[in-house]
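Colleague: Chain by chain, the residues run as shown.
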Amino acid sequence: EPEVTQTPSHQVTQMGQEVILRCVPISNHLYFYWYRQILGQKVEFLVSFYNNEISEKSEIFDDQFSVERPDGSNFTLKIRSTKLEDSAMYFCASSEAPRTGLYGYTFGSGTRLTVV
Amino acid sequence: GENVEQHPSTLSVQEGDSAVIKCTYSDSASNYFPWYKQELGKRPQLIIDIRSNVGEKKDQRIAVTLNKTAKHFSLHITETQPEDSAVYFCAASEGSASGGSYIPTFGRGTSLIVHP
Numbered sequence: 001e002p003e004v005t006q007t008p009s010h011q012v013t014q015m016g017q018e019v020i021l022r023c024v025p026i027s028n029h030l031y032f033y034w035y036r037q038i039l040g041q042k043v044e045f046l047v048s049f050y051n052n053e054i055s056e057k058s059e060i061f062d063d064q065f066s067v068e069r070p071d072g073s074n075f076t077l078k079i080r081s082t083k084l085e086d087s088a089m090y091f092c093a094s095s096e097a098p099r100t101g102l103y104g105y106t107f108g109s110g111t112r113l114t115v116v
Numbered sequence: 001g002e003n004v005e006q007h008p009s010t011l012s013v014q015e016g017d018s019a020v021i022k023c024t025y026s027d028s029a030s031n032y033f034p035w036y037k038q039e040l041g042k043r044p045q046l047i048i049d050i051r052s053n054v055g056e057k058k059d060q061r062i063a064v065t066l067n068k069t070a071k072h073f074s075l076h077i078t079e080t081q082p083e084d085s086a087v088y089f090c091a092a093s094e095g096s097a098s099g100g101s102y103i104p105t106f107g108r109g110t111s112l113i114v115h116p
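Note that the protein sequences, when read in sequence, are chains A and B. So the first sequence is residues 1 to 116, counted in the numbering used here. So the second sequence is residues 1 to 116, counted in the numbering used here.
Bound conformation, chain A alone (with noise of 0.2 Å):
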């Protein structure tokens, strides 16, 4: 079965540092999502990516996070400065469809940031 992969899936930064987390997509989707959860809480959404640009994000997705489609495989998510809250899971997700609401998201196995 197609898999979301992400790496790393753990990483541990310190505060004000820039992190770049890097997922591989299931190669024929077409749209990609980027996910939080915090500890215990809900899934969040922060933007999703399609056709090499933004095409939805949350108030999450402020000016220190950033997407990017580098290459045909890779989509990554950078955060300039982190903060203590920003320690989260961080699930990137991919569909061929978003519209018709035909298929429900594929996840990765998410990225754990711990920000010290």
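A few of these clues could be false.
As the list claims (entries may be wrong) - A few chain B residues that don't get close to chain A, going by computed Cβ distances all over 10 Å:
#	residue
1	His-7
2	Pro-8
3	Ser-26
4	Glu-56
5	Lys-58
6	Asn-67
7	Thr-69
8	Ala-70
9	His-72
10	His-76
11	Pro-82
12	Ile-103
What the hints assert, rightly or not - With a straight-line cut-off of 27 Å between C-alpha atoms, the simulated BS3-like cross-links for lysine-lysine are:
#	chain 1	residue 1	chain 2	residue 2
13	A	Lys-57	A	Lys-42
14	B	Lys-68	B	Lys-22
15	A	Lys-83	A	Lys-42
16	B	Lys-71	B	Lys-22
17	A	Lys-42	B	Lys-22
18	B	Lys-42	A	Lys-78
19	B	Lys-58	B	Lys-42
20	A	Lys-42	B	Lys-57
21	A	Lys-42	B	Lys-58
22	B	Lys-71	B	Lys-57
23	A	Lys-78	B	Lys-58
24	B	Lys-58	A	Lys-57
25	A	Lys-78	A	Lys-42
26	A	Lys-57	A	Lys-78
27	B	Lys-42	B	Lys-68
28	B	Lys-58	B	Lys-68
29	B	Lys-42	A	Lys-83
30	B	Lys-57	B	Lys-68
31	A	Lys-83	A	Lys-57
32	B	Lys-58	B	Lys-71
33	B	Lys-57	A	Lys-57
34	B	Lys-22	B	Lys-58
35	B	Lys-71	A	Lys-42
36	B	Lys-57	B	Lys-42
37	B	Lys-22	B	Lys-42
38	A	Lys-57	B	Lys-42
The hints are simulated quantities; they were obtained by calculation from the structure and are not laboratory data. We treat Cβ as the ideally placed atom computed from N, Cα and C, and that holds for glycine.
Use these hints to put chain B onto chain A, whose structure you have.
Modeller: Same frame as chain A, but now just chain B:
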């Protein structure tokens, strides 16, 4: 925007019993309702979904019901097994090509514990 409420936050049952998790949503335009299962430390995985033109859907031991008038939907698990123990998230979105946010809004999750 959409607001999804999920109850209960914790549900403890004996193996073999049934479990019911309930969600309400606020946006009457929502028409796609997926349910995700998240085992401890793992990714959310789609287990079943329902669309607004269907009132009930069943897949082996799990079923979902939808009441569009009341704006609530429920997950039913029969003959529960210890491996059903996980956090279950409901979500709602407007999966429509005509517009609107197709990004699912997640509930806060229900921790289901099945005792052997």
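Colleague: Each hint: holds or not?
Modeller: We went through each hint and held it up to the structure:
1. With a least CB separation of 13 Å from chain A, B:His-7 remains clear of the 10 Å interface cut-off, as annotated.
2. Every Cβ of chain A is farther than 10 Å from the Cβ of B:Pro-8; the closest lies at roughly 14 Å, confirming the non-interface assignment.
3. Even its closest Cβ contact with chain A, about 15 Å, leaves B:Ser-26 beyond 10 Å, as expected for a residue assigned away from the interface.
4. At roughly 18 Å from the closest C-beta of chain A, the C-beta of B:Glu-56 stays outside 10 Å, upholding its exclusion from the interface.
5. Under the 10 Å C-beta cut-off, the non-interface status given to B:Lys-58 relative to chain A holds; the minimum distance is some 17 Å.
6. The claim that B:Asn-67 is not at the interface with chain A holds, since no C-beta of that chain comes within 10 Å of its own (minimum 18 Å).
7. At roughly 20 Å, the least C-beta separation between B:Thr-69 and chain A is larger than 10 Å, which holds for a residue marked as non-interface.
8. No beta-carbon of chain A is positioned within 10 Å of the beta-carbon of B:Ala-70; the least distance is around 20 Å.
9. Even its closest Cβ contact with chain A, about 18 Å, leaves B:His-72 beyond 10 Å, as expected for a residue assigned away from the interface.
10. At the 10 Å boundary, the C-beta of B:His-76 stays outside the reach of chain A, the nearest C-beta of that chain being 19 Å off.
11. No beta-carbon of chain A is positioned within 10 Å of the beta-carbon of B:Pro-82; the least distance is around 22 Å.
12. At roughly 5 Å, the least C-beta separation between B:Ile-103 and chain A is not larger than 10 Å, which violates its mark as non-interface.
13. Between A:Lys-57 and A:Lys-42, the direct Cα distance comes to roughly 17 Å. Compliance with the 27 Å bound is thereby established for this hinted pair.
14. Straight-line distance between C-alpha atoms of B:Lys-68 and B:Lys-22 comes to about 13 Å, which keeps the hinted pair within the 27 Å bound.
15. A hinted pair counts as satisfied when its Cα atoms are at most 27 Å apart, and A:Lys-83 with A:Lys-42 qualifies at roughly 20 Å.
16. As the CA atoms of B:Lys-71 and B:Lys-22 are separated by approximately 11 Å, the hinted pair is consistent with the 27 Å bound.
17. A threshold of 27 Å between alpha carbons decides the hint, and for A:Lys-42 with B:Lys-22 the separation of about 15 Å falls inside it, so the pair holds.
18. Between B:Lys-42 and A:Lys-78 the CA atoms are separated by roughly 22 Å; this keeps the pair inside 27 Å, and the hint holds.
19. Our distance criterion of 27 Å between C-alpha atoms is met by B:Lys-58 and B:Lys-42, whose separation comes to about 25 Å.
20. For the suggested pair A:Lys-42 and B:Lys-57, the alpha carbons sit about 24 Å apart, so the restraint of at most 27 Å is met.
21. A distance of roughly 25 Å separates the Cα atoms of A:Lys-42 and B:Lys-58; the hinted pair therefore holds under the 27 Å criterion.
22. Proximity of B:Lys-71 to B:Lys-57 is assessed by CA-CA distance (about 16 Å); at most 27 Å being required, the pair is judged to hold.
23. Restraint check for A:Lys-78 and B:Lys-58: not satisfied, since their Cα atoms lie roughly 40 Å apart, outside the 27 Å limit.
24. Between the alpha carbons of B:Lys-58 and A:Lys-57 the distance comes to roughly 33 Å, so the proposed pair goes past 27 Å and is violated.
25. Between A:Lys-78 and A:Lys-42, the direct Cα distance comes to roughly 21 Å. Compliance with the 27 Å bound is thereby established for this hinted pair.
26. A distance of roughly 14 Å separates the Cα atoms of A:Lys-57 and A:Lys-78; the hinted pair therefore holds under the 27 Å criterion.
27. For a cut-off of 27 Å, the pair hint linking B:Lys-42 to B:Lys-68 is broken: about 31 Å separates their Cα positions.
28. Between B:Lys-58 and B:Lys-68 the alpha-carbon distance is near 18 Å, which keeps this suggested pair within the 27 Å criterion.
29. In summary, the hint linking B:Lys-42 to A:Lys-83 is supported, as the alpha carbons are separated by about 24 Å, within the 27 Å threshold.
30. Annotation: proposed proximity of B:Lys-57 to B:Lys-68 holds, straight-line Cα distance about 14 Å (limit 27 Å).
31. For a cut-off of 27 Å, the pair hint linking A:Lys-83 to A:Lys-57 stands: about 20 Å separates their Cα positions.
32. With a C-alpha separation of about 19 Å, the suggested pairing of B:Lys-58 with B:Lys-71 holds against the 27 Å cut-off.
33. A hinted pair counts as satisfied when its Cα atoms are at most 27 Å apart, and B:Lys-57 with A:Lys-57 does not qualify at roughly 31 Å.
34. Restraint check for B:Lys-22 and B:Lys-58: the C-alpha separation of about 16 Å stays at or below 27 Å, so the hint holds.
35. Only pairs whose Cα atoms come within 27 Å are accepted, and B:Lys-71 paired with A:Lys-42 is accepted, the gap being roughly 20 Å.
36. Our distance criterion of 27 Å between C-alpha atoms is met by B:Lys-57 and B:Lys-42, whose separation comes to about 26 Å.
37. Between B:Lys-22 and B:Lys-42 the CA atoms are separated by roughly 23 Å; this keeps the pair inside 27 Å, and the hint holds.
38. Our distance criterion of 27 Å between C-alpha atoms is met by A:Lys-57 and B:Lys-42, whose separation comes to about 24 Å.
Checked against the numbered hints given earlier, the structure breaks hints 12, 23, 24, 27, 33 and satisfies all the rest.
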